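Visitor: Listed below are the residues making up each chain.
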Amino acid sequence: MPEPIYLDHAATTPVRAEVLEAMLPFYGPRFGNPSSVHRWGRDARTALDEARERVARCLGASPDEICFTSGGTEADNIAVLGTWRARRDEGRTAIVTTPIEHKAVLASVHQAAHEGADERFVAMTPDGVVDRASYESLVDSGVAIATIMWVNNEIGTVQPIAELAAYAKSKGALFHTDGVQAFGKIEIDVRTLAVDVLSISGHKIGAPKGIGAVFIRRGTVIEPLFHGGQQDRGRRPGTENVASVVGFARAAELAVAEREEEVARLRRLRDQLERAIVARIPDATVHGAHAPERAPHILSVSIPGTDSESMLMALDLRGIGCSAGSACQSGSVTPSHVLSAIGVPPELATAAIRMSLGSLTSDACIARVAEVFPALVEKARGMARAS
Amino acid sequence: MAERVLVAMSGGVDSSVAAALLVEQGYDVVGATMKLFCHDDDLPDRPCCSLDSVNDARRVCQSLGVPHYVLNLESAFGSDVVDNFVQEYAAGRTPIPCVRCNTFTKFRDLLHKADGIDARWIATGHYARVAGGELRRGLDPAKDQSYFLWGIDRSVLARLLLPVGARTKPETRAIAHRLGLEVIAEKAESQDICFVPDGDHTTIIRKKLGDGAPSLTPGPFVLSNGTTVGAHAGFARFTIGQRRGLPGGFREPMFVVAIRPSDRAVVIGPRDELLGRGVIARSINWLVDAPPVGTRVEVQVRHRAQPAAAELVRADGDEIEIALDEPVAAITPGQSLVLYQGDRVLGGGLIDRSAGARSPLPVRAA
Numbered sequence: 001m002p003e004p005i006y007l008d009h010a011a012t013t014p015v016r017a018e019v020l021e022a023m024l025p026f027y028g029p030r031f032g033n034p035s036s037v038h039r040w041g042r043d044a045r046t047a048l049d050e051a052r053e054r055v056a057r058c059l060g061a062s063p064d065e066i067c068f069t070s071g072g073t074e075a076d077n078i079a080v081l082g083t084w085r086a087r088r089d090e091g092r093t094a095i096v097t098t099p100i101e102h103k104a105v106l107a108s109v110h111q112a113a114h115e116g117a118d119e120r121f122v123a124m125t126p127d128g129v130v131d132r133a134s135y136e137s138l139v140d141s142g143v144a145i146a147t148i149m150w151v152n153n154e155i156g157t158v159q160p161i162a163e164l165a166a167y168a169k170s171k172g173a174l175f176h177t178d179g180v181q182a183f184g185k186i187e188i189d190v191r192t193l194a195v196d197v198l199s200i201s202g203h204k205i206g207a208p209k210g211i212g213a214v215f216i217r218r219g220t221v222i223e224p225l226f227h228g229g230q231q232d233r234g235r236r237p238g239t240e241n242v243a244s245v246v247g248f249a250r251a252a253e254l255a256v257a258e259r260e261e262e263v264a265r266l267r268r269l270r271d272q273l274e275r276a277i278v279a280r281i282p283d284a285t286v287h288g289a290h291a292p293e294r295a296p297h298i299l300s301v302s303i304p305g306t307d308s309e310s311m312l313m314a315l316d317l318r319g320i321g322c323s324a325g326s327a328c329q330s331g332s333v334t335p336s337h338v339l340s341a342i343g344v345p346p347e348l349a350t351a352a353i354r355m356s357l358g359s360l361t362s363d364a365c366i367a368r369v370a371e372v373f374p375a376l377v378e379k380a381r382g383m384a385r386a387s
Numbered sequence: 001m002a003e004r005v006l007v008a009m010s011g012g013v014d015s016s017v018a019a020a021l022l023v024e025q026g027y028d029v030v031g032a033t034m035k036l037f038c039h040d041d042d043l044p045d046r047p048c049c050s051l052d053s054v055n056d057a058r059r060v061c062q063s064l065g066v067p068h069y070v071l072n073l074e075s076a077f078g079s080d081v082v083d084n085f086v087q088e089y090a091a092g093r094t095p096i097p098c099v100r101c102n103t104f105t106k107f108r109d110l111l112h113k114a115d116g117i118d119a120r121w122i123a124t125g126h127y128a129r130v131a132g133g134e135l136r137r138g139l140d141p142a143k144d145q146s147y148f149l150w151g152i153d154r155s156v157l158a159r160l161l162l163p164v165g166a167r168t169k170p171e172t173r174a175i176a177h178r179l180g181l182e183v184i185a186e187k188a189e190s191q192d193i194c195f196v197p198d199g200d201h202t203t204i205i206r207k208k209l210g211d212g213a214p215s216l217t218p219g220p221f222v223l224s225n226g227t228t229v230g231a232h233a234g235f236a237r238f239t240i241g242q243r244r245g246l247p248g249g250f251r252e253p254m255f256v257v258a259i260r261p262s263d264r265a266v267v268i269g270p271r272d273e274l275l276g277r278g279v280i281a282r283s284i285n286w287l288v289d290a291p292p293v294g295t296r297v298e299v300q301v302r303h304r305a306q307p308a309a310a311e312l313v314r315a316d317g318d319e320i321e322i323a324l325d326e327p328v329a330a331i332t333p334g335q336s337l338v339l340y341q342g343d344r345v346l347g348g349g350l351i352d353r354s355a356g357a358r359s360p361l362p363v364r365a366a
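Residue numbers (my numbering), protein chains in the order written: chain A, 1 to 387; chain B, 1 to 366.
Hints listed in this document are in silico derivations from the structure and should not be mistaken for laboratory results. Worth double-checking, as some hints may not be accurate.
Said to hold, decoys possible - Which residues of chain A face chain B? A partial, calculated answer using Cβ under 7 Å:
{"no.": "1", "residue": "V190"}
{"no.": "2", "residue": "P224"}
{"no.": "3", "residue": "E309"}
{"no.": "4", "residue": "S310"}
{"no.": "5", "residue": "M313"}
{"no.": "6", "residue": "A314"}
The structure displayed is predicted, hence computed values, not measured ones. Don't be surprised by glycine CBs; every beta carbon is placed ideally from N, CA and C.
Can you build the whole structure from these sequences, using the hints too?
Guide: If you want it as structure tokens, here you go:
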């Protein structure tokens, strides 16, 4: 079998060599606890402080606005539950969100609802973007926080975060965005954005799994989820994961520095793949294709008469790794809540394949997938007709 | 190039050893666990269940070095198997969901998945064999599962591998140990219906049809002469031949001899009323060329029954009638009638009713 092709960078990415190299000393001589008084502690503290400054710079934030977390899920939980719990006594009990959020946000909003929040879901257009009229009708003086993801992880549509955040601000609501898929793909500068809270994750940009961060704008009060020591100003107690924090800072710097060039490269490859698939399979539906803005690295396509589960198996056995919607814990494929929410009919939603490009994606990969995928589709459909 | 086989893996010892044997035999093995139902489906945020069996199957595949996938067949299984199960009880019959699962889920839906990955073969851990293009009983009489396989499409036989069908259960366990599959080697047999884990099938009926379902509503116990002799809590709790839960005070042991949904009656009677001299079965499926009327066969009217000598006396499309040489007890609507000649499985169908005059002859062990 030819070299396998990894086309699932929205799920995770390999740790970059530069990142691993930056981390190694912290698994060796620089092992100290940043809270310790002695030289080992000071050394680790220095690394942690520097890393915080570097991540802050990547977002246009101040270092004290960066709180390191175990990843995107924790960042989203802090953003939604931390802010909502801190504001619930102000008479603002509503949360506005979309039905296409990552489960980390949706489940946090459900939890808040369980604790008394009024959850309000914004209508989506069939193109996969927020319906502005619906959004504006829902964001009122009762809203504690609006949380809307920047780039959708399944279909790659981009929400107009600057405008949505400004509107929320005008109504006195906080605004959070899950920027996990946006970071490194879209320019983020919190100095020019009315975003109060923003989540990012390491392993989507070449850092290890288990590290992420949440930007919390100065003056935004959050109730911590964990209880313990005074690390990270008490916002996130627990001895800091110094090695991963350092790796994350390195990955973030690289992602920001390479962003424009990499985005152009990925967009070219993605468009090439999309054109090839649509040319070979004219009735293929590309989800979010008509959104005003699309992330460069995600292609979500449904082929009528196929099912995701069989296609993923067939692709994997040909050495091509993709995904469907969100995978559940047992690894089985369930219809995507994102596709359902934008009005994709069930027979197409259960046929969706997400291909996500990144550092491992070359011209040769795309050329091969453009050959193999339509061939597998033809086979699968031939069978569906025969049976 | 090695031929690819898609192995249905439940996480149990039989299907695990089936996969392991196929790896040893040089096949390109792909393991798949079918996710068929969810005990927690009233908890919307917990879509994954039967996780332990999925994990066991995955661990086995990891140790065999073969890929493993989870196939979500919940919706098809729900309509093909679970809904039918509930409807059959509502109609006063006693269904065998495993038969429909084999017919539809395993050997139709799984076969489609096999097509999609270019798998020439599919395999399961059933104790049955395929030889000469025909289905045969498993070699271990204590484990033979051919009774549950009569409904599969005949064309499937040409693509079906049943690697443990020629083994005994102890041999299968020994192979599991030899291959180092300690995760599953001593796993207990699953006895229950997979979606009825506590053995109480009325739970699923109640869940699907509600508390007011007629089959769960009180009705009379009656004798075959029409006399009412008591009341029961719902006829879905009864099956033909059952003794448990019947009113007492009779000279002879009493059995359920019929279930009548029209007036929710459970008819009880002494042993000789249980006997049937013939069987009418419908939804017939042949795994060989349909045999002519007059063919001598052995039949089983339930799993683990002794085969009974019989003759095919009528065949009209998908309905047949069988005349038994000796009467058989507790011929139960909804169970399967399977026709054999020695080890060969000729075909089978769903028992509609017993046929022919009831006989006072002594009961054959059945």
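Visitor: Next step is simple, just say for each hint if it's right about the structure.
Guide: For each hint, the structure was consulted:
Interface hint status for A/V190: violated, as the beta-carbon distance to the closest one in chain B is roughly 32 Å, over 7 Å. Nearest Cβ of chain B to the Cβ of A/P224: about 24 Å, over the 7 Å cut. The hint is violated. A hinted interface residue such as A/E309 counts as satisfied when its beta carbon comes closer than 7 Å to some beta carbon of chain B; here the least separation is about 6 Å, so the hint holds. Taking 7 Å as the C-beta contact cut-off toward chain B, the hint placing A/S310 at the interface holds, the least distance being around 4 Å.
Taking 7 Å as the C-beta contact cut-off toward chain B, the hint placing A/M313 at the interface holds, the least distance being around 5 Å. Because the closest C-beta pair between A/A314 and chain B is about 5 Å apart, less than 7 Å, the hint holds.
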